[in-house]
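Protein chains in written order, with the numbering used here: chain A, 1 to 566; chain B, 1 to 566; chain C, 1 to 287; chain D, 1 to 287.
Careful: at least some of the hints might be erroneous.
Unchecked claim - Derived pair list, reagent style DSBU-like, types lysine-lysine, alpha-carbon separation capped at 35 Å: (1) D:209 to B:162; (2) A:453 to B:20; (3) B:512 to A:82; (4) A:32 to A:145; (5) B:20 to D:280.
Claimed, not checked - To give an idea of the interface, some chain D residues facing chain A are shown, with a C-beta separation under 8 Å as derived from the structure: (6) 37; (7) 73; (8) 179; (9) 224.
Unchecked claim - Computed Cβ-Cβ distance ranges for the label pairs, DEER-style: (10) C:236 to A:158: 38 to 46 Å; (11) A:158 to B:392: 54 to 62 Å; (12) D:214 to A:427: 39 to 47 Å; (13) A:453 to B:375: 51 to 59 Å; (14) B:398 to A:382: 36 to 44 Å; (15) B:541 to C:144: 27 to 35 Å; (16) A:485 to B:541: 52 to 60 Å; (17) C:146 to A:387: 42 to 50 Å; (18) A:460 to D:286: 48 to 56 Å; (19) A:61 to B:406: 53 to 61 Å; (20) B:79 to C:144: 55 to 63 Å; (21) D:275 to C:146: 52 to 60 Å; (22) D:145 to B:513: 54 to 62 Å.
By construction, these hints were calculated from the structure, which means they are not laboratory data. Just so you know, even glycine gets a beta-carbon here, dropped at the ideal spot from N, CA and C.
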Amino acid sequence: MKKREDISIVLCGPAGQGIKTAENLMVSIFRKSGYAVFATKEYMSRIRGGSNSTTIRISSRPVRALVDRTDLLIPLDREAFKHVQYRISPATKIIGEKETLFQQDAQWSDQILDVPLAELAKETGGKIYSNIIVVGIIAGLLKIKKTIVHSCVKEIFNAKEKEILDKNIQAVDRGMAFSSHLPSDFKIEMQTQKDNDIILNGGEAIGLGAVAGGCRFIASYPMTPSTPVLTFLSQHGETFDLIAEQAEDEIAAVNMALGAWYAGARSMVTTSGGGFALMTEGLSLAGMLETPIVIHLAQRPGPATGLPTRTEQGDLLFALHGGHGEFPRIIFTPGTLEDGFVLTQKAFDLADRFQIPVFILTDQYYIDSYYHIPKFDLLKIKNKDYIVKTDAKYKRYALTENGISPRGIPGYGNGLVVVDSDEHTEEGHITEDLDLRVSMVNKRLKKMDALIKEAVLPDWIGPKSCETLVICWGSTAHIVAEAIEKLKDKKIALLYFKQVYPLPSKTMNLIKKSKKLIIVENNATAQFAQILKSQLGIDIPTRILKYSGQAFSVEELEQRLKKAAL
Amino acid sequence: MKKREDISIVLCGPAGQGIKTAENLMVSIFRKSGYAVFATKEYMSRIRGGSNSTTIRISSRPVRALVDRTDLLIPLDREAFKHVQYRISPATKIIGEKETLFQQDAQWSDQILDVPLAELAKETGGKIYSNIIVVGIIAGLLKIKKTIVHSCVKEIFNAKEKEILDKNIQAVDRGMAFSSHLPSDFKIEMQTQKDNDIILNGGEAIGLGAVAGGCRFIASYPMTPSTPVLTFLSQHGETFDLIAEQAEDEIAAVNMALGAWYAGARSMVTTSGGGFALMTEGLSLAGMLETPIVIHLAQRPGPATGLPTRTEQGDLLFALHGGHGEFPRIIFTPGTLEDGFVLTQKAFDLADRFQIPVFILTDQYYIDSYYHIPKFDLLKIKNKDYIVKTDAKYKRYALTENGISPRGIPGYGNGLVVVDSDEHTEEGHITEDLDLRVSMVNKRLKKMDALIKEAVLPDWIGPKSCETLVICWGSTAHIVAEAIEKLKDKKIALLYFKQVYPLPSKTMNLIKKSKKLIIVENNATAQFAQILKSQLGIDIPTRILKYSGQAFSVEELEQRLKKAAL
Amino acid sequence: MKKNRYDMGEIDIAWCPGCGNFTIHKVLKETLEELEIRPQDVVICSGIGQAAKIPHYMKCHAFNGLHGRALPPATGIKAANPELVVIAESGDGDMYGEGGNHFIHTIRRNPNITNIVHNNMVYGLTKGQASPTSQHGFVTSVQVNGVILEPFNPIAVAIALNGSFVARTSTTEPEKMKTILKRAIQHSGYALVDVFHPCVSFNKINTFKWFKENTYDLEETYNPENKFEAFKRASETEKLPLGIFYVNPDRIPFEENLTVYKKNKKPMSARRVELNHLKKFINQMGK
Amino acid sequence: MKKNRYDMGEIDIAWCPGCGNFTIHKVLKETLEELEIRPQDVVICSGIGQAAKIPHYMKCHAFNGLHGRALPPATGIKAANPELVVIAESGDGDMYGEGGNHFIHTIRRNPNITNIVHNNMVYGLTKGQASPTSQHGFVTSVQVNGVILEPFNPIAVAIALNGSFVARTSTTEPEKMKTILKRAIQHSGYALVDVFHPCVSFNKINTFKWFKENTYDLEETYNPENKFEAFKRASETEKLPLGIFYVNPDRIPFEENLTVYKKNKKPMSARRVELNHLKKFINQMGK
Ligand SMILES: Cc1ncc(C[n+]2csc(CCOP(=O)(O)OP(=O)(O)O)c2C)c(N)n1
Ligand SMILES: Cc1ncc(C[n+]2csc(CCOP(=O)(O)OP(=O)(O)O)c2C)c(N)n1
Ligand code: SF4
Ligand code: SF4
Ligand SMILES: [Mg+2]
Ligand SMILES: [Mg+2]
């Protein structure tokens with residue numbers, strides 16, 4: 001078999017059967033071997049059973065998007081097989097126990113590589129080793145060095161008892177040994193390349209960005225898929241000098257975070273759908289107090305509980321219009337891990353500078369996908385201190401030209417810092433002076449001018465000029481980019497928005513050059529298209545939408561773009 | 001003095017000094033005398049002190065909008081005088097104790113009618129009678145029959161001790177007697193006309209509409225200016241066979257109401273800004289459960305606590321996009337009392353028929369303004385029963401052509417009624433079948449087609465064809481209408497939207513005929529203009545906005561329209 | 001085994017093998033069947049969590065609402081139709097954490113519902129963070145140095161609020177659980193049943209064995225009408241008593257206090273708008 | 001009178017003449033002054049309501065947030081800067097109604113703050129609806145046939161939750177109030193001070209006279225470290241005791257439990273991001 005550029009491996013089985021461990025192990029083996037790696041998972045809202053799957057792509061050059069194409073499929077049970085069946089093509093090789101998994105599926109029989117998994121596992125010490133044996137088989141197929149495999153197994157199981165580690169080494173060896181018996185067309189060879197990258201997922205990118213942004217306090221309430229950011233910061237709170245507090249509910253979380261910002265500690269909350277709904281009163285409070293806040297909102301399919309562990313871009317307009325009354329905000333929508341890091345850091349900076357709420361809007365696909373990227377360039381990070389030392393005459397809401405009143409904090413200077421959710425005087429005290437009301441509204445809304453100036457431009461990817469411009473935002477970025485690349489059509493370009501509100505003033509110029517516009521969104525009502533229309537009057541009737549709870553795949557998008565671009 | 005068509009009386013003083021009583025008494029005296037009456041108030045967020053004012057217009061023909069013009073001004077203290085000073089024109093007559101109230105204001109001295117109010121009150125029995133004496137003076141000026149005045153005083157004070165009633169009769173008599181000494185140019189004569197109308201305010205119009213719509217349950221948490229609807233339904237709960245429950249918070253309120261609807265009792269909540277924010281998770285739940293709900297959202301200036309007792313139209317986009325995920329809704333924005341009644345009744349009907357949330361969006365100005373209107377025509381009301389009797393095969397979410405699944409309730413029929421906030425099967429059980437997910441999203445959103453068809457058309461007021469079309473929604477309707485009428489310009493018409501979402505499909509046709517469009521909104525960011533742009537692509541650069549916490553006045557609008565129409 | 005009308009037959013249950021939820025599920029179905037309550041008369045309201053999935057595994061009416069919000073719809077349902085048997089059921093995080101405000105105020109309101117709380121001292125569905133009832137020092141992915149908040153004592157709080165029926169049971173003794181559930185459902189007014197159960201996936205401290213060893217039954221002679229004694233027993237932490245701690249004989253159920261039901265027992269759900277009342281009212285306004 | 005640094009001078013106070021809020025306001029200012037705490041070191045967090053306007057009438061830092069949400073920002077502030085004296089102050093509706101969930105969980109969390117609740121047994125600012133502490137039968141524009149919910153007993157609940165300091169006082173005895181406020185502010189950990197006060201505009205039942213007649217002081221010999229005795233006294237309804245009901249000697253304040261403050265006392269608000277820690281971490285990820 002000839003060398004391949006890009007292989008996609010799908011591992012599928014019930015929750016609680018070690019898929020996650022196998023995924024971690026494979027990713028670390030592939031990385032150590034010098035492959036470029038991308039991994040993403042889709043899973044059910046349950047702890048054990050059901051059918052979850054992980055897709056791992058390995059390649060000689062960076063891969064960062066979900067594909068349907070499945071080169072190697074490893075279903076751990078019959079349910080799992082049915083679950084991912086739709087991804088099988090004639091080129092897919094399937095590894096598993098023919099008898100138990102596939103007997104009725106004569107259709108695929110010549111693609112199946114029969115592995116007596118149960119027996120191999122039994123020999124090792126029980127069913128729980130199946131996942132590691134599978135990893136061994138794959139490592140064997142890819143001709144990965146045993147030393148690498150062993151060192152990765154050690155890394156993962158080292159903390160456990162020696163016996164457990166030994167068993168897992170045995171398991172992986174057994175798998176590798178077995179793969180040597182395999183018919184040769186299952187063998188795969190691919191170029192590897194050494195790099196100095198780090199591998200991480202979306203949750204970690206946001207978490208690290210928060211650290212870089214000087215986050216000192218996070219208060220949140222667990223909610224899938226937003227929890228990883230809370231977990232990450234909890235786990236490294238000591239290292240990074242921050243407090244992570246699980247609040248009694250989301251209302252407490254957002255109000256605690258506002259208290260912390262008020263007192264001088266940069267803070268954030270991380271939440272999803274319903275949790276964010278509960279925070280909207282606090283969001284409005286931030287608007288009125290002009291106390292900064294950073295909100296990480298990881299979207300999942302709604303309404304209500306919806307599909308808690310799946311993905312969607314359904315809360316954009318809610319993030320934009322959430323909270324009663326009128327006040328400015330910023331919404332970042334990172335689509336790459338680099339952007340997740342950079343924009344989260346920037347969110348803290350802008351929140352502090354403009355004293356407004358800043359959103360990082362992600363989704364389950366973004367949070368749970370990982371790949372490797374060059375180490376973040378920390379030299380580029382500037383953390384300015386916007387807090388002023390107060391004196392006895394200090395006025396928290398001093399009326400200024402640009403709407404920004406210098407922000408003091410209690411305990412730094414001799415002044416008093418009074419913030420108020422009522423309409424207030426410059427000193428922060430409750431007022432019913434209606435002329436002052438008008439000045440205060442103007443002051444708050446005035447910031448919009450600067451926010452528009454500061455807005456992050458969308459990335460233009462592809463030919464400088466094009467006939468068809470595809471527009472996307474957030475987590476779909478890599479998928480759309482790869483799909484367009486595959487189309488190999490010089491007349492199609494991509495505009496990926498990483499800030500959706502406010503829109504940079506150049507947006508119109510960028511968009512109006514193209515004859516045809518196509519929008520791609522992971523929702524049912526084309527919410528960003530609605531924003532483009534209400535903000536810029538741009539109409540995009542050609543919409544590629546998906547709202548099944550899954551991310552787009554590259555192939556699917558390729559097809560749909562081809563059709564749409566006609 | 002010649003007969004006048006329309007008189008505006010402004011009574012102003014600290015909270016807790018009987019302005020409300022004086023207002024009630026005057027309104028009932030004027031009504032009994034056959035005048036057309038309009039009254040509205042603006043007040044501070046405190047129980048005693050400060051400066052509140054009531055504007056009462058009386059006329060020979062219906063008046064229904066706030067004017068700045070002040071024909072008679074009665075300030076109860078110096079603060080009050082300063083508070084409304086901006087409304088004084090050379091034609092304004094001011095009644096009060098010259099020495100204590102106005103000494104420094106030589107400017108107005110020849111407009112002031114000096115009344116020894118303190119002395120008169122003291123003679124009657126104390127300061128607390130000042131308000132009633134004032135009513136007597138005004139009644140005298142208007143030459144109202146003593147029998148009418150007495151019968152109204154009796155109506156209001158009858159429940160109290162006989163002594164109190166007598167004192168108040170004395171007070172009003174003293175006022176009337178005093179007014180006979182007044183220089184004649186303060187006397188006013190106006191035509192009266194008998195009618196069979198009822199007089200009520202916005203809160204009562206919504207409350208009565210709810211009763212007409214079959215409301216059986218209201219759960220709410222007090223919040224100005226939405227509370228009057230709760231109070232009204234509490235007070236008449238026994239008469240109208242309904243339960244009014246004060247919940248521990250707004251989250252409980254909306255979830256209780258959903259429970260009641262689920263079990264077969266039509267229900268509503270009434271709330272404002274921050275309370276609504278807390279309900280948005282429940283709103284999304286309604287969207288997913290397809291359990292109907294009627295939400296009365298009475299707007300007030302935000303963000304956060306803002307100006308709790310004042311008015312604004314600042315929550316439109318929040319009502320439209322509140323709640324995570326995607327689901328249909330209707331937003332009614334009554335601007336007249338008739339519409340408040342009719343649309344609230346309709347809200348219950350449509351909520352039940354389409355199994356969706358329906359909003360009644362009002363504001364403080366709407367809720368607290370009253371005038372008289374012909375008795376509601378109850379014959380027009382059709383309350384259809386949409387509930388089906390279930391059998392053993394009943395499926396709550398049966399997939400149907402139009403997206404509406406027949407709604408059963410527990411205890412009526414043999415079927416089981418299962419509703420679920422997760423994505424669900426037709427039976428209502430939790431599912432992760434992603435094809436079914438797509439069908440369920442489609443089913444929910446499918447209802448939009450019918451909602452658009454059913455949408456209530458805006459009222460076109462003025463010439464059939466026009467050059468300038470003024471667009472407004474909600475509580476500003478009467479004010480804009482009167483201002484335009486005053487302009488006496490045959491080329492200006494008004495389009496008043498009482499349903500702002502979804503927009504009826506004819507909207508575009510109605511709007512595109514005019515050369516120039518002007519939008520009038522009681523907010524800072526022209527939220528309805530944003531909807532018109534995002535829904536229909538219509539751009540309205542000419543915006544008349546007000547966000548001081550006050551309603552527009554007819555005169556102010558007249559000026560601003562004149563300028564804008566140029 | 002006798003046929004149980006609440007059985008769903010062959011369905012996929014999303015709980016982990018060995019989880020205490022199965023025991024509660026089984027006992028609840030038996031309880032309802034033995035009380036001869038028709039599935040058509042039962043509504044289970046739940047929130048979100050592993051425990052809160054229970055209505056999907058039983059053949060009766062269900063309102064599976066939002067996380068933390070099982071009690072308000074239960075109250076609304078009972079008000080709309082007092083003839084229904086209403087059970088509000090969820091996990092400890094749902095009921096005492098997110099839903100804590102409804103917990104305390106529903107006890108005050110006292111609708112005639114049964115509130116079953118699956119208390120595994122952990123957030124199961126979201127993978128093992130501390131819940132309000134997690135014990136001091138319990139280590140999780142968020143509470144990395146162990147829980148520092150005081151554990152929530154639902155029994156003591158319910159007693160402090162003059163709760164009308166306050167009980168705790170455990171999956172370690174299914175038969176006693178059944179007796180308590182029966183009493184709770186038959187009780188007129190709000191009845192709290194806190195049920196200890198092990199979470200085999202995320203709580204390695206409070207296991208079946210732990211519950212066995214750290215609980216004991218209130219003695220037969222125990223008198224549940226003595227509030228102070230109840231509070232004392234509820235405050236024990238050495239070993240945790242199981243049983244009916246407190247029954248308040250003075251509380252009247254919410255629905256019975258409602259004016260609309262004072263003279264007329266017909267459920268609100270069966271009443272329709274009477275436009276003639278409205279007409280009369282409007283005519284009076286116009287007089 | 002001695003000059004008080006917390007005085008605002010001539011300002012317009014929005015409370016009704018005769019309202020108990022004035023007494024609490026006066027006593028609180030004196031308390032802080034007598035404790036020799038600088039206004040620059042005090043933050044008052046409040047919610048929304050008549051009581052919650054108090055920070056506008058005092059010269060110190062203030063965070064006047066949302067209705068029901070005084071405690072969470074107070075916790076956030078204290079965590080960000082433990083050197084500040086943080087007071088969370090609001091009305092009974094705010095703290096026990098809308099904010100009930102924060103009330104119970106803040107007691108569990110135990111930040112070193114003082115929680116003063118102006119308890120007038122009514123919603124003042126919204127014009128007289130029942131609050132959680134309104135008594136049975138209290139008639140209002142919404143509770144037209146009188147309150148039917150069981151009154152909320154904050155003292156008993158706080159004790160049931162092992163609150164670290166639980167007290168009640170009344171505007172009928174300002175000097176004793178001051179003593180209690182001093183103890184509460186000096187107490188290390190969460191301290192609840194429920195303060196009875198008459199609302200002259202909307203509560204015609206629980207007047208100054210009523211509070212005088214229906215309260216009494218806990219005796220001098222009363223021992224506030226006995227939880228069961230405290231609960232008993234808290235449960236009294238005939239006459240309502242005033243004083244410090246319960247002090248729990250075992251609770252450690254929230255901030256002291258936080259890892260970041262274990263070795264380093266510098267407030268979070270004064271610490272800045274150390275990019276070299278981040279760099280090291282990232283380098284480790286890449287190994
Ligand atoms: C508003 C909101 N916040 C958070 C969540 C996420 N969530 C779902 S279940 C759960 C906790 C479950 O714990 P518990 O109630 O104890 O139930 P268990 O799974 O342990 O049975 C959380 C936090 C949610 N669904 N909604
Ligand atoms: C979310 C929300 N709901 C409701 C309100 C309206 N509201 C303001 S103050 C108040 C009650 C005040 O009662 P209490 O806390 O007892 O204070 P008091 O006025 O009696 O001092 C209410 C319901 C609000 N501001 N925000
Ligand atoms: S996670 Fe825990 S509580 Fe949930 S089903 Fe599994 S064992 Fe039971
Ligand atoms: S309404 Fe009541 S609590 Fe509020 S200031 Fe007036 S008297 Fe005091
Ligand atoms: Mg739990
Ligand atoms: Mg109060």
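Here is what the structure says about each hint:
1. D:209 to B:162: OK: residue 209 of chain D and residue 162 of chain B at ~27 Å, within 35 Å.
2. A:453 to B:20: This hinted pair is violated, its Cα atoms lying about 50 Å apart.
3. B:512 to A:82: violated (55 Å)
4. A:32 to A:145: Given that 35 Å is the threshold and the Cα spacing comes to 10 Å, the pair holds.
5. B:20 to D:280: Judged against 35 Å, a Cα distance of about 69 Å means the pair is violated.
6. 37: violated (13 Å)
7. 73: At about 3 Å, which falls below the 8 Å cut-off, the nearest Cβ of chain A leaves the hint on residue 73 of chain D intact, so it holds.
8. 179: violated (27 Å)
9. 224: Check failed: Cβ of residue 224 of chain D comes no nearer than 27 Å to chain A, outside 8 Å.
10. C:236 to A:158: 38 to 46 Å: For residue 158 of chain A against residue 236 of chain C, whose Cβ atoms are near 43 Å apart, the range 38 to 46 Å holds.
11. A:158 to B:392: 54 to 62 Å: holds (58 Å)
12. D:214 to A:427: 39 to 47 Å: Roughly 40 Å apart at Cβ, these two residues keep to the hinted range, so it holds.
13. A:453 to B:375: 51 to 59 Å: holds (58 Å)
14. B:398 to A:382: 36 to 44 Å: Given range 36 to 44 Å: violated, Cβ gap about 59 Å.
15. B:541 to C:144: 27 to 35 Å: violated (56 Å)
16. A:485 to B:541: 52 to 60 Å: violated (41 Å)
17. C:146 to A:387: 42 to 50 Å: Distance hint for residue 146 of chain C, residue 387 of chain A is violated at roughly 34 Å.
18. A:460 to D:286: 48 to 56 Å: At 30 Å between Cβs, range violated.
19. A:61 to B:406: 53 to 61 Å: holds (56 Å)
20. B:79 to C:144: 55 to 63 Å: holds (58 Å)
21. D:275 to C:146: 52 to 60 Å: Given range 52 to 60 Å: violated, Cβ gap about 30 Å.
22. D:145 to B:513: 54 to 62 Å: holds (56 Å)
Of the hints listed earlier, those the structure fails to meet are numbers 2, 3, 5, 6, 8, 9, 14, 15, 16, 17, 18 and 21, in rising order.
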